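> Sequence:
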Amino acid sequence: MSLKHRRLSLKERIKIETLLNENKSKAYIAKTLNRSRSTISREINKWIQDP
Numbered sequence: 001m002s003l004k005h006r007r008l009s010l011k012e013r014i015k016i017e018t019l020l021n022e023n024k025s026k027a028y029i030a031k032t033l034n035r036s037r038s039t040i041s042r043e044i045n046k047w048i049q050d051p
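The sequence shown begins at 1 in the working numbering and counts up by one.
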């Protein structure tokens, strides 16, 4: 059985931004959203690269 990949929703992206502003770790954010840490890291890195 394979896991189905889901895109991050707008609600999840807003939650990531909010938690980052509260100085929460990527691991904490991933656990809170029930996502892998690599998914959160990729999303954050995408924000950093896109002006």
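In case anyone wonders, no lab produced these hints; they're calculated from the structure. Everything numeric in this text was worked out from a predicted model, so none of it was measured. Take the hints with a grain of salt, since some may be wrong.
As the list claims (entries may be wrong) - In silico SDA-like pairs for lysine to any residue, Cα to Cα no more than 20 Å straight-line:
1. K24 <-> W47
2. K15 <-> A27
3. K26 <-> R7
4. K31 <-> Q49
5. K46 <-> R13
6. K26 <-> R6
7. K26 <-> R37
8. K24 <-> H5
9. K11 <-> R35
10. K11 <-> T32
11. K31 <-> R13
12. K24 <-> R35
13. K11 <-> Y28
14. K26 <-> S9
15. K15 <-> K46
16. K11 <-> K31
17. K31 <-> L19
18. K15 <-> W47
> If a hint holds in the structure, say so; if it does not, say that too.
Tested hints:
For the hint linking K24 to W47, the alpha-carbon distance of about 17 Å falls within 20 Å, and the restraint holds. The hinted pair formed by K15 and A27 meets the criterion: a straight-line CA distance of about 14 Å does not exceed 20 Å. Between K26 and R7 the alpha-carbon distance is near 17 Å, which keeps this suggested pair within the 20 Å criterion. For the given pair, K31 sits about 24 Å from Q49 by alpha-carbon distance, which is inconsistent with the 20 Å threshold.
Note on K46 and R13: the hinted pairing holds, with a Cα-Cα distance of about 12 Å set against a maximum of 20 Å. A C-alpha spacing of about 18 Å is found between K26 and R6, which places the hinted pair at or below 20 Å, so the restraint holds. Pair hint K26 plus R37 holds up; C-alpha atoms about 6 Å apart against a cutoff of 20 Å. A hinted pair counts as satisfied when its Cα atoms are at most 20 Å apart, and K24 with H5 does not qualify at roughly 25 Å.
With a C-alpha separation of about 14 Å, the suggested pair K11 and R35 falls inside the 20 Å cut-off, and the hint holds. With a CA separation close to 13 Å, the supplied pair K11 and T32 stays within the 20 Å bound. About 14 Å separates the Cα atoms of K31 and R13, which keeps this hinted pair within 20 Å; it holds. Distance hint between K24 and R35 is fulfilled; the C-alpha atoms sit about 15 Å from each other, no more than 20 Å.
Restraint check for K11 and Y28: satisfied, since their Cα atoms lie roughly 17 Å apart, inside the 20 Å limit. Proximity of K26 to S9 is assessed by CA-CA distance (about 17 Å); at most 20 Å being required, the pair is judged to hold. Restraint check for K15 and K46: satisfied, since their Cα atoms lie roughly 16 Å apart, inside the 20 Å limit. Between K11 and K31 the alpha-carbon distance is near 16 Å, which keeps this suggested pair within the 20 Å criterion.
At roughly 12 Å between alpha-carbon atoms, K31 and L19 fall within 20 Å of each other, so this suggested pair holds. The suggested pairing of K15 with W47 holds, with an alpha-carbon distance near 14 Å, which does not exceed 20 Å.
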